[in-house]
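Trainee: Residue strings, one per chain:
2 protein chains.
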Amino acid sequence: MQLFNNVNAMHEWCREQKKQGKTIGLVPTMGYLHDGHMSLVKAARQDCDIVVVSIFVNPIQFGQGEDYETYPRELEKDSALLANEKTDAIFAPGVKEMYPAGYDAYVEVQGAITGKMCGASRPGHFKGVTTVVSKLFHICQPDRAYFGQKDAQQLLIIKKMVRDLNFPLEIVRMPIVRESDGLAMSSRNVYLNAEERQQALVLNQALKTAANNIRGGERDIKKIHQQIKDMIETQPLAQIDYIEISSGENLTDLEEMRGEILLALAVKFGKTRLIDNLLVEV
Amino acid sequence: MQLFNNVNAMHEWCREQKKQGKTIGLVPTMGYLHDGHMSLVKAARQDCDIVVVSIFVNPIQFGQGEDYETYPRELEKDSALLANEKTDAIFAPGVKEMYPAGYDAYVEVQGAITGKMCGASRPGHFKGVTTVVSKLFHICQPDRAYFGQKDAQQLLIIKKMVRDLNFPLEIVRMPIVRESDGLAMSSRNVYLNAEERQQALVLNQALKTAANNIRGGERDIKKIHQQIKDMIETQPLAQIDYIEISSGENLTDLEEMRGEILLALAVKFGKTRLIDNLLVEV
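Those protein sequence lines, which keep their order, are chains A and B. Residue 43 in the numbering used here sits at position 18 of the first sequence, with consecutive numbering throughout. Residue 66 in the numbering used here sits at position 41 of the second sequence, with consecutive numbering throughout.
Source of the hints: derived by calculation from the structure; they are not laboratory data. Among the hints, erroneous ones may be present.
All copies of an identical chain are treated as equivalent in the list; a pair is satisfied when it fits inside any one copy or across any two copies.
[What the hints assert, rightly or not] Using 25 Å as the maximum straight-line C-alpha spacing, the simulated DSS-like pairs for lysine-lysine come out as follows:
id: 1; residue 1: Lys-254; residue 2: Lys-47
id: 2; residue 1: Lys-121; residue 2: Lys-184
id: 3; residue 1: Lys-233; residue 2: Lys-248
id: 4; residue 1: Lys-111; residue 2: Lys-296
id: 5; residue 1: Lys-152; residue 2: Lys-184
id: 6; residue 1: Lys-293; residue 2: Lys-152
Please read these numbers as outputs of a predicted model, since none were measured by experiment.
Only chain A is shown next, with the shape it has when bound in the complex (with noise of 0.2 Å):
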């Protein structure tokens, strides 16, 4: 397995690997590893003659006051994880590398997709995503890009950031990993107390209990979204964000219940946002 911590250094080794007719499947991660990203890092695996995983966390998707000072960094340990799974090369940039003195252009995706959810709570949020997103697309030249369902939202935006900007590569989705009692994993966890903890496992089951009773047949959307809501503040440490019910392909607001429903959510405990969805086909 290869380190690259320079950008050309890196661009250059995957352009030798397409040169020799190889497919590039690539991880984009901010590093902090666990086993929602090694699900993504193990598809690349089986899909594609080369894996590469970025672990970067990328400044200018933080806002003023979130965590990037304090955002989770262990790259030896990503390291290990990731030669277990037969990686074969790391990009891991510096700051500086990624956006040097100067540094002035930014890709965005506009309209309801980006103004909503995450995207109204974190304003420029995914500006920054969309950006590094696309340098790594670049840089890596991947015939392939894996991202996690659990970032929904975000999964959504790149998909439509690729299809509206013609880049030349397809972008696969992963189911969200959960932990044995349903949290599911994110590298923020690490950040929460045991109560905490404990308190936050009414997301998952908010979720669950609401998609049961749209399988149930309930079509109500403001009733959902009140029965998610009530449970979520059987809690008292949660702070509510956001509850959404939206068309999980698009995101747009639903008239009915109709296709394919996105129920997603951002809660805090704590000083610890989390977010968590569930797909429900009506």
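On the provided structure of chain A, position chain B as indicated by the hints.
Mentor: Below, chain B alone, put in the same frame as chain A:
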């Protein structure tokens, strides 16, 4: 020579060329080709195995009240010129093909380089340019892309975009091609009536005079600026949009006359807005 109107077909064809190890040169144009464009095509023909010329009048780089509707189009004549230079493929997509319903992704270079000159006179113009050029790069996968020094600001912005977003290609700059009387070639010259056409010669003359004065030792930026202004104002039909003296490298304002200096201007004659520029090395 092949003609493609379809994004996927163009992309697949370029992908096939790359697979065969061929280098691709792309010349992005809005058509109505003149010798300026053809100098780019000839350079691409010399440098690359495959030459692709795109012809697309890009609606999103035109502002309200600008000449999108009336911009001259002549695909058949363009095709004949390109066939004559052994162009391999023309990419001439329709607007819906490039911007389908619900289109929402944009690429933007921010900062001083886009905020002044044509960026100030034509808000949104360069965002439209960088977006369409990004799309063309993704579709055609060029090793090199050719742009004319005539659009000096556009060229610097695209170079900046390529560098910042790590596009895997080289931007080649080609010098301005002029009519025998010195008027910079432009598809928009066709709009000029005889009188406007005659008076427009002052642009190149004023730039040349200023460059000669600088080469002769003049270092006072304000004085040079005033000289250009005075000369242009001798022509009664000329309405100055801007005259700028800035760094030829990144368009920053000059504190002193040093390095590569760009003398650039935009002037209207009747309804026709012309741009011209000249680089001087001090």
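Trainee: Quick one: which hint numbers does this structure break? Sort them smallest to largest.
Mentor: Structure breaks hints 1, 4.
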